[in-house]
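Taken in sequence, the protein lines are chains A and B.
In short: position in the first sequence from 1, add 472, done, that's this note's numbering.
In short: position in the second sequence from 1, add 11, done, that's this note's numbering.
Warning: the hint list may mix true and false statements.
[What the hints assert, rightly or not] Result set (DSSO-like, lysine-lysine): computed pairs, CA atoms no more than 30 Å apart in a straight line:
| hint | chain 1 | residue 1 | chain 2 | residue 2 |
| --- | --- | --- | --- | --- |
| 1 | B | K474 | A | K623 |
| 2 | B | K416 | A | K643 |
| 3 | B | K378 | A | K623 |
| 4 | A | K625 | B | K474 |
| 5 | A | K490 | A | K501 |
| 6 | B | K382 | A | K648 |
| 7 | A | K864 | A | K727 |
| 8 | B | K101 | A | K619 |
| 9 | B | K41 | B | K133 |
| 10 | A | K619 | B | K355 |
| 11 | A | K643 | B | K41 |
| 12 | B | K355 | B | K398 |
| 13 | A | K625 | B | K141 |
| 14 | B | K355 | A | K648 |
| 15 | A | K643 | B | K474 |
| 16 | B | K274 | A | K648 |
| 17 | B | K141 | A | K619 |
| 18 | A | K625 | A | K791 |
| 19 | A | K625 | B | K378 |
| 20 | A | K619 | B | K133 |
| 21 | B | K141 | B | K297 |
| 22 | A | K727 | A | K648 |
| 23 | A | K648 | B | K141 |
| 24 | B | K344 | A | K648 |
| 25 | B | K380 | A | K625 |
| 26 | A | K643 | B | K387 |
I should point out that these hints are in silico values taken from the structure, not numbers from a laboratory.
Please read all numbers here as calculations on a predicted model, not as lab measurements.
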Amino acid sequence: MPHNVLMPALSPTMTEGKLAKWVKKEGDKVKPGTVLAEIETDKATMEVEAVDEGTLAKIVVPAGTEGVKVNSVIAVLLEEGEDASSISKAAGGGAGAPPPKTVTPANQPKETSKPAPSLAVVPQAQPQQAAPQGKPSNRIFASPLAKRIAKEKGIDLASVKGSGPHGRIVKEDLEKAKPGAAPMAAPGAPRAPMATPSGPDAKALADAYGIPYKLQPNNNIRKVVARRLTEAKQQIPHFYLSIDCELDTLLNVRKELNEAAQDYKISVNDFVIKATGLALQKYPAANVSWTDDNLVQYERADVSVAVATPNGLITPIIKDAANKSLKDISNEMKELAAKAKDGKLKPAEFQGGTISVSNLGMFGVREFAAIVNPPQGAILAIGAGEQRAVVKDGQVKVATVMTVTMSTDHRCIDGAIGAEYLQVFKKLIESPMSLIL
Amino acid sequence: MSEQQFDVVVIGTGPGGYVAAIRAAQLGFKTAVVEREHLGGICLNWGCIPTKALLRCSEINHLLHNLDAYGFKAENITFDFGKIVQRSRKVAAQLSGGIKHLMKKNNITVFDGTGKLLGKGKLSVTKDNKPVAELKAPHIIIATGARARVLPGLEPDQKFVWTYKEAMVPQEMPKSLLVVGSGAIGIEFASFYRNMGAQVTVVEVMDRILPVEDADISAFARKSFEKQGMKIMTSAKVVKLNKAANDVEVEIDVGGGKIDKVKVDRVISAVGITANTENLGLENTKVKVDRGHIAVNQWLQTDEPGVYAIGDCVAGPWLAHKASHEGIICVEKIKGLNDVHPMKPENIPGCTYCMPQVASVGLTEAKAKEKGYTVKVGKFPFIGNGKAIALGEPEGMVKTVFDAKTGELLGAHMIGAEVTELIQGFGIAKTLETTELDLMHTIFPHPTLSEMMHESVLDAYGKVIHM
């Protein structure tokens with residue numbers, strides 16, 4: 473029987489995506505594991521693999537189509553010996569129908585023993601704020617009174633979490649909400665397109681003043697990053713702490729390690745990642761996130777590392793960095809960075825994280841302040857390790873110094889907590905043997 | 012006598028207790044109830060239900076004496092008071108039997124006796140001071156209700172001074188009555204006996220009758236009652252009863268140092284309720300009693316883990332439907348269901364089955380202003396409604412109170428025929444948080460009394476049609 477190939481959900485928050493490219497064409501024979509197509513989502517490009525053996529009989533959604541709804545039929549696969557006349561029946565499933573049912577149209581003879589279709593890409597079960605998956609409608613349920621109060625107060629109902637029956641937004645929810653308030657309530661939920669403020673339009677001005685330019689359409693990564701950064705900077709009360717770390721010992725240790733190495737080359741950044749995680753393990757008060765009801769105290773330190781890619785910024789994660797060896801961190805980071813540049817990161821590899829690290833040291837940047845990566849509580853901005861004049865015991869000496877600036881969400885991390893965390897971090901960087909153990 | 016283990020034990024089977032028990036059983040809890048008297052509690056046996064049976068008879072009596080208005084003629088209309096009381100008892104008995112059936116159907120074990128908390132999730136049941144059973148349950152719900160409050164000098168004596176209980180089963184029809192207190196219970200008895208032909212005087216300590224209702228409704232009710240021949244004294248206080256052989260002389264302080272004297276056959280004391288919190292073994296637990304009522308949080312949990320309280324034994328309003336709803340909230344919270352919401356007092360309707368009937372939900376106009384709302388008020392009289400005229404019930408009004416800023420329906424207040432059956436419409440409106448617009452856009456069927464609800468809303472916004 474024909475199998476429908478459905479648009480997969482690559483992340484819990486994904487409701488639609490772009491069908492970037494068909495790798496196979498109609499009539500191609502496919503085996504389980506054969507890559508059929510590439511899909512671009514808000515964060516990454518993923519490959520869609522076939523699960524069944526057969527022939528790609530019909531491509532329903534052409535390459536380059538944007539806004540393809542999750543679970544809609546994108547292609548039809550025929551088994552050996554089937555002819556194309558059965559396709560029309562199979563492709564009738566349509567968008568939004570629950571996946572297992574679209575596969576087996578009701579009038580087909582029962583073949584229940586056969587494992588249902590078609591895709592290797594399994595939507596991940598990361599419990600992110602349970603966004604209503606596959607719900608095509610963006611309807612917001614709110615009482616008439618709530619709608620009116622929201623209008624008067626200028627509150628975006630999409631940003632309010634409903635406490636009424638079935639999550640309906642009621643008056644009480646709006647009494648708690650503030651004008652223009654926080655979409656933080658449901659960070660994962662698909663929301664109205666953009667949260668960027670409407671300033672003067674750059675294109676209109678460039679046109680008006682005759683500035684030459686060309687337009688580069690924003691891809692999904694850029695759009696998501698733009699929205700999340702805007703939200704983060706507007707809604708998280710940031711504050712910043714800077715500390716200088718002397719790197720001379722660390723550089724010596726690194727040199728020795730790398731000289732002895734066969735299968736790895738450890739970077740300063742690998743030390744920084746390990747120190748970031750280990751410092752959180754030693755000082756868990758900084759390993760926290762804010763929610764309206766609770767402080768989330770993480771019991772594992774997962775370090776998100778900002779990686780610049782041609783498509784925009786993405787933050788692959790070194791999970792449990794405190795308990796991984798420098799060698800493992802180094803190898804894993806290389807692999808993740810390469811995947812990130814190719815747009816091949818899996819959602820599980822970049823969603824989550826309990827703290828972030830952003831390193832611009834390699835560009836000679838002395839120090840900078842990063843924007844907290846929500847819902848995390850802090851991000852470390854790493855500057856260049858450079859020789860500076862340092863006064864020690866009344867003497868001017870030369871030392872290699874790296875300035876680290878921590879940006880924190882003041883709602884969950886107070887000044888003293890941030891400062892103590894940085895002390896622990898500094899100590900680890902300056903006595904790097906503890907990072908090797 | 013062995014110890015028996017349950018998941019949920021409910022003490023008391025009034026409209027709070029039995030509903031909680033059924034819901035618990037539905038949710039899969041092994042459930043028991045303990046009842047010392049009748050299944051169904053006061054509501055079914057000595058309150059809401061039997062009084063409605065009596066009031067129905069007084070309505071019929073009223074109609075029979077106004078047959079002329081409908082083109083009928085009858086002479087020598089009489090009634091058998093004993094039979095009227097008997098009917099009321101039969102109605103109560105039928106419903107109590109219904110509860111017995113519901114307990115059985117839901118596999119709820121019924122213990123006949125008095126429950127007492129022993130602490131640590133244990134409970135004893137005794138009957139006539141003899142042990143019946145010892146129960147153990149992680150969840151014990153106290154739903155023991157309340158009884159008539161007794162004022163010093165007005166102690167019920169079963170002869171001259173009655174509570175609701177004696178007033179419901181009199182041996183004979185008193186010729187004259189004095190009702191102390193003009194809340195729902197007092198007014199219902201006053202209305203019943205007046206319509207059955209007794210001389211009735213109502214004494215209220217506040218400056219108006221039905222003091223929890225909107226002032227317009229109180230004033231309207233007073234006018235109606237006085238037209239029916241009821242005597243009403245407000246800002247007045249009974250100070251002394253001089254009991255004679257067959258009647259009582261009541262001395263009433265009417266203010267300004269003046270004492271009025273009224274001679275009546277019987278006195279009904281209806282001055283509020285006292286929660287049944289005694290002999291429950293609360294001293295064996297951390298359960299707190301605050302101003303006579305068991306203290307609970309929004310989920311009906313007491314200070315003792317695993318002990319809950321609902322209904323008349325906790326804070327008011329002391330209404331059967333409020334008790335039932337609390338029972339459901341309490342049990343569903345125990346089960347950990349998701350969509351459980353705390354009670355919103357402003358959404359609890361109240362009904363008084365006098366003639367004309369009174370029903371309301373939410374804030375009165377005065378309360379709304381007191382809370383700082385700028386209000387829009389709409390009123391519509393029964394005289395402007397076709398169905399009311401056709402029924403021969405032109406007396407009454409519907410009043411609505413809106414927040415001028417948001418259009419929130421803050422309160423609705425009604426007096427007149429069948430308004431107790433209408434008030435749920437405004438109850439739904441409040442629960443769903445409708446605004447005036449949704450109510451205006453609702454299509455009310457013609458010809459019905461409910462059209463007055465619509466008109467009242469329209470009136471609040473200057474759009475009334477039939478006035």
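Hint by hint, here is what the structure shows:
A hinted pair counts as satisfied when its Cα atoms are at most 30 Å apart, and K474/B with K623/A qualifies at roughly 24 Å. Between K416/B and K643/A the alpha-carbon distance is near 13 Å, which keeps this suggested pair within the 30 Å criterion. Taken as a hint, the K378/B and K623/A pair is honoured in the structure, with Cα atoms around 26 Å apart against an allowance of 30 Å. Annotation: proposed proximity of K625/A to K474/B holds, straight-line Cα distance about 27 Å (limit 30 Å).
About 24 Å separates the Cα atoms of K490/A and K501/A, which keeps this hinted pair within 30 Å; it holds. Pair hint K382/B plus K648/A holds up; C-alpha atoms about 19 Å apart against a cutoff of 30 Å. The suggested pairing of K864/A with K727/A holds, with an alpha-carbon distance near 25 Å, which does not exceed 30 Å. For the suggested pair K101/B and K619/A, the alpha carbons sit about 50 Å apart, so the restraint of at most 30 Å is broken.
At roughly 15 Å between alpha-carbon atoms, K41/B and K133/B fall within 30 Å of each other, so this suggested pair holds. With a C-alpha separation of about 20 Å, the suggested pair K619/A and K355/B falls inside the 30 Å cut-off, and the hint holds. Taken as a hint, the K643/A and K41/B pair is broken in the structure, with Cα atoms around 37 Å apart against an allowance of 30 Å. Restraint check: the Cα-Cα separation between K355/B and K398/B comes to about 33 Å, which exceeds 30 Å; the hinted pair is violated.
With a C-alpha separation of about 64 Å, the suggested pairing of K625/A with K141/B is violated against the 30 Å cut-off. This hinted pair checks out: K355/B and K648/A have alpha carbons roughly 17 Å apart, not beyond 30 Å. Between K643/A and K474/B the CA atoms are separated by roughly 26 Å; this keeps the pair inside 30 Å, and the hint holds. With a CA separation close to 59 Å, the supplied pair K274/B and K648/A exceeds the 30 Å bound.
For the hint pairing K141/B with K619/A, the CA-to-CA distance comes to about 60 Å; that exceeds 30 Å, so the pair is violated. Of the pairs offered as hints, the one joining K625/A and K791/A is violated, with about 42 Å between alpha carbons and a cut-off of 30 Å exceeded. A threshold of 30 Å between alpha carbons decides the hint, and for K625/A with K378/B the separation of about 25 Å falls inside it, so the pair holds. Taking the CA atoms of K619/A and K133/B, the gap is about 49 Å. The hint is violated against a cut of 30 Å.
Of the supplied pair hints, the one linking K141/B and K297/B holds, its CA atoms being roughly 26 Å apart against a limit of 30 Å. Taking the CA atoms of K727/A and K648/A, the gap is about 56 Å. The hint is violated against a cut of 30 Å. For a cut-off of 30 Å, the pair hint linking K648/A to K141/B is broken: about 55 Å separates their Cα positions. The suggested pairing of K344/B with K648/A holds, with an alpha-carbon distance near 23 Å, which does not exceed 30 Å.
Between K380/B and K625/A the CA atoms are separated by roughly 22 Å; this keeps the pair inside 30 Å, and the hint holds. Of the supplied pair hints, the one linking K643/A and K387/B holds, its CA atoms being roughly 19 Å apart against a limit of 30 Å.
In terms of the numbered hints stated before, the structure departs from hints 8, 11, 12, 13, 16, 17, 18, 20, 22, 23, listed from lowest to highest.
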